[in-house]
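The listed protein sequences correspond, in order, to chains A and B.
The opening position of the first sequence corresponds to residue 4 in the working numbering, with each subsequent residue numbered one higher.
The opening position of the second sequence corresponds to residue 26 in the working numbering, with each subsequent residue numbered one higher.
Watch out, some of these pointers could steer you wrong.
Lysine-lysine pairs mimicking BS3-like chemistry, simulated, CA-CA at most 25 Å apart [to be verified]:
#: 1; chain 1: A; residue 1: K67; chain 2: A; residue 2: K18
#: 2; chain 1: A; residue 1: K51; chain 2: A; residue 2: K18
#: 3; chain 1: A; residue 1: K51; chain 2: B; residue 2: K426
#: 4; chain 1: A; residue 1: K67; chain 2: A; residue 2: K83
#: 5; chain 1: B; residue 1: K72; chain 2: B; residue 2: K27
#: 6; chain 1: B; residue 1: K335; chain 2: A; residue 2: K18
#: 7; chain 1: B; residue 1: K335; chain 2: A; residue 2: K83
#: 8; chain 1: A; residue 1: K67; chain 2: B; residue 2: K224
#: 9; chain 1: B; residue 1: K224; chain 2: B; residue 2: K72
#: 10; chain 1: B; residue 1: K72; chain 2: A; residue 2: K67
#: 11; chain 1: B; residue 1: K27; chain 2: B; residue 2: K335
#: 12; chain 1: A; residue 1: K67; chain 2: A; residue 2: K51
#: 13; chain 1: B; residue 1: K224; chain 2: A; residue 2: K83
#: 14; chain 1: B; residue 1: K245; chain 2: A; residue 2: K67
#: 15; chain 1: B; residue 1: K335; chain 2: B; residue 2: K426
Everything labelled a hint here was simulated from the structure, so no lab data went into it.
Here are the chains, one letter per residue:
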Amino acid sequence: MPDVRNEITQIITAKMTDNVPLNLADPFVDLGFNSFEVVELIFDIEEKFDIQIPFNANFDIEAKTVADLIQTVEGLVADKAKLA
Amino acid sequence: MKRVVVTGLGVVSPIGQTVESYWAGLIAGRSGLAPPVFPPAIQVSTKLVGQINDFDSLAHFDPKLVGLLDRVSQFAVVAARQALAQSGLSLTGELAEKTATIVGTGSGGHSTVDDSFHRLYAEGATRLSPVTIPKAMMSAAASQVSLYCNTKGPAYAVASACASATHAIGQAFQMVRSGGATCALCGGTEASITFGALKGWEAMRVMAPDACRPFSLDRKGMVIGEGAAMLTLETLEHARGRGADILAEIVGFGMSADSKDLTAPDSSGMARAISAALSDGALAPDRVDYINAHGTGTVANDEAETAALKISFGDHARRLAVSSTKSMVGHALGAAGALELVAAVMAIRESVVPPTIGYLGADPACDLDYVPNEARRMPVNAAVSNSFAFGGLNAVIAARKFAG
Numbered sequence: 004m005p006d007v008r009n010e011i012t013q014i015i016t017a018k019m020t021d022n023v024p025l026n027l028a029d030p031f032v033d034l035g036f037n038s039f040e041v042v043e044l045i046f047d048i049e050e051k052f053d054i055q056i057p058f059n060a061n062f063d064i065e066a067k068t069v070a071d072l073i074q075t076v077e078g079l080v081a082d083k084a085k086l087a
Numbered sequence: 026m027k028r029v030v031v032t033g034l035g036v037v038s039p040i041g042q043t044v045e046s047y048w049a050g051l052i053a054g055r056s057g058l059a060p061p062v063f064p065p066a067i068q069v070s071t072k073l074v075g076q077i078n079d080f081d082s083l084a085h086f087d088p089k090l091v092g093l094l095d096r097v098s099q100f101a102v103v104a105a106r107q108a109l110a111q112s113g114l115s116l117t118g119e120l121a122e123k124t125a126t127i128v129g130t131g132s133g134g135h136s137t138v139d140d141s142f143h144r145l146y147a148e149g150a151t152r153l154s155p156v157t158i159p160k161a162m163m164s165a166a167a168s169q170v171s172l173y174c175n176t177k178g179p180a181y182a183v184a185s186a187c188a189s190a191t192h193a194i195g196q197a198f199q200m201v202r203s204g205g206a207t208c209a210l211c212g213g214t215e216a217s218i219t220f221g222a223l224k225g226w227e228a229m230r231v232m233a234p235d236a237c238r239p240f241s242l243d244r245k246g247m248v249i250g251e252g253a254a255m256l257t258l259e260t261l262e263h264a265r266g267r268g269a270d271i272l273a274e275i276v277g278f279g280m281s282a283d284s285k286d287l288t289a290p291d292s293s294g295m296a297r298a299i300s301a302a303l304s305d306g307a308l309a310p311d312r313v314d315y316i317n318a319h320g321t322g323t324v325a326n327d328e329a330e331t332a333a334l335k336i337s338f339g340d341h342a343r344r345l346a347v348s349s350t351k352s353m354v355g356h357a358l359g360a361a362g363a364l365e366l367v368a369a370v371m372a373i374r375e376s377v378v379p380p381t382i383g384y385l386g387a388d389p390a391c392d393l394d395y396v397p398n399e400a401r402r403m404p405v406n407a408a409v410s411n412s413f414a415f416g417g418l419n420a421v422i423a424a425r426k427f428a429g
């Protein structure tokens, strides 16, 4: 089982340009990314774990936090492991 | 400078394949959005598209020749024939040589590309049909319209993603106004609901799962559509000389580039195009009654467009009727601006504005009159049609009732 939290944190912080610490309780809209950059991050995470993450840029950027995303990805990775 | 009038309209849309059925659908508030039939819904996560499932190629084209036309060109030719027939023009001799053909498309013969490359990459084919390139090229629809309608003047395609049709019509307007052509067949066409394109759209994560609800509270994004619309434009003197029925006058065209972001909309760039169209048409903002909005249904577009209307129209913005017909037919991308200008011309002619359907209530960031859910009978002396493309390319056309 990969360390989802650590991998996601690394993917996000590598793209962060503002010198602000990553707070997992923050919604994406507060991380200093524009919406398309968030969409690209979600894609990078999908590629990393080979999963499909449900995420609509119209509302999830404000509605979801990094912690929500980690939880979703942990679930998807666990489901995938069960199928393998 | 010559005055330019509209004398013919043609439409192929998910709610009707004639202007009459399209317009009847729009004013009835009928949605043409449904789960995709092709590619099958099971292969994609896209829940809704504005797809034309009952388009019958063989009702329009010789079975021996239909294979030369991608779906995008078929739509364009069918719409162009309607627009030409309604105008009553007979394109022969010198008039044919003075008639322009300008067709916008975002993706050209996309299903030909998708199908051909699938054969190569997935099925291991070693050769492709010799008509692959002539069907797929971006300008194929313009060529096919010129072939089927006998237009022999300036002809080319215009590509500016979701603003392609409006740029094409605007260029045709300028050409006829300047005397570079007497008549023009112009508009836009799109047929890119393919497996490859839908996966690309899904990756942008802006697709609505439930409905296209432009400007509404709880809107969740856009819905991809397809179709074509074409208009016949001609100089006023030519239309009058032959006693043509004049549907509306095109008075202004404005363009701008945001020069800001590849995907995010920018209200100041939008407003520059709107104001440029009003100024080009010598149209005071308070003379405009109806806006056919770009109104995609994304959170970002609809907020930015609302702000742009306030910049360009000032206090009059609150008195405008603003609607997005994408709520009914989806976003037909390179065809959208033409489908929407047809709606605006019909609104002028019929004194009815089509609604924005699926509207659930006011979003504080979108606080204008969006003609929610039901068409409205009202005089429309002047109307504006907005198109704002990804990449920040904006095009706006202003039309008004022909008053002699």
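Here is how each hint holds up against the structure:
A distance of roughly 18 Å separates the Cα atoms of K67 of chain A and K18 of chain A; the hinted pair therefore holds under the 25 Å criterion. Proximity of K51 of chain A to K18 of chain A is assessed by CA-CA distance (about 15 Å); at most 25 Å being required, the pair is judged to hold. In summary, the hint linking K51 of chain A to K426 of chain B is not supported, as the alpha carbons are separated by about 57 Å, beyond the 25 Å threshold. Taken as a hint, the K67 of chain A and K83 of chain A pair is honoured in the structure, with Cα atoms around 22 Å apart against an allowance of 25 Å.
Between K72 of chain B and K27 of chain B, the direct Cα distance comes to roughly 47 Å. Violation of the 25 Å bound is thereby established for this hinted pair. Between K335 of chain B and K18 of chain A the CA atoms are separated by roughly 36 Å; this puts the pair beyond 25 Å, and the hint is violated. Note on K335 of chain B and K83 of chain A: the hinted pairing is violated, with a Cα-Cα distance of about 50 Å set against a maximum of 25 Å. The hinted pair formed by K67 of chain A and K224 of chain B meets the criterion: a straight-line CA distance of about 23 Å does not exceed 25 Å.
For the proposed pair K224 of chain B and K72 of chain B, the alpha carbon gap of about 12 Å is at most 25 Å, so the pair holds. Taking the CA atoms of K72 of chain B and K67 of chain A, the gap is about 22 Å. The hint holds against a cut of 25 Å. Restraint check for K27 of chain B and K335 of chain B: the C-alpha separation of about 31 Å exceeds 25 Å, so the hint is violated. A distance of roughly 20 Å separates the Cα atoms of K67 of chain A and K51 of chain A; the hinted pair therefore holds under the 25 Å criterion.
A hinted pair counts as satisfied when its Cα atoms are at most 25 Å apart, and K224 of chain B with K83 of chain A qualifies at roughly 21 Å. The hinted pair formed by K245 of chain B and K67 of chain A meets the criterion: a straight-line CA distance of about 15 Å does not exceed 25 Å. Restraint check: the Cα-Cα separation between K335 of chain B and K426 of chain B comes to about 24 Å, which is no more than 25 Å; the hinted pair holds.
Consistency note: the structure conflicts with the earlier hints numbered 3, 5, 6, 7, 11.
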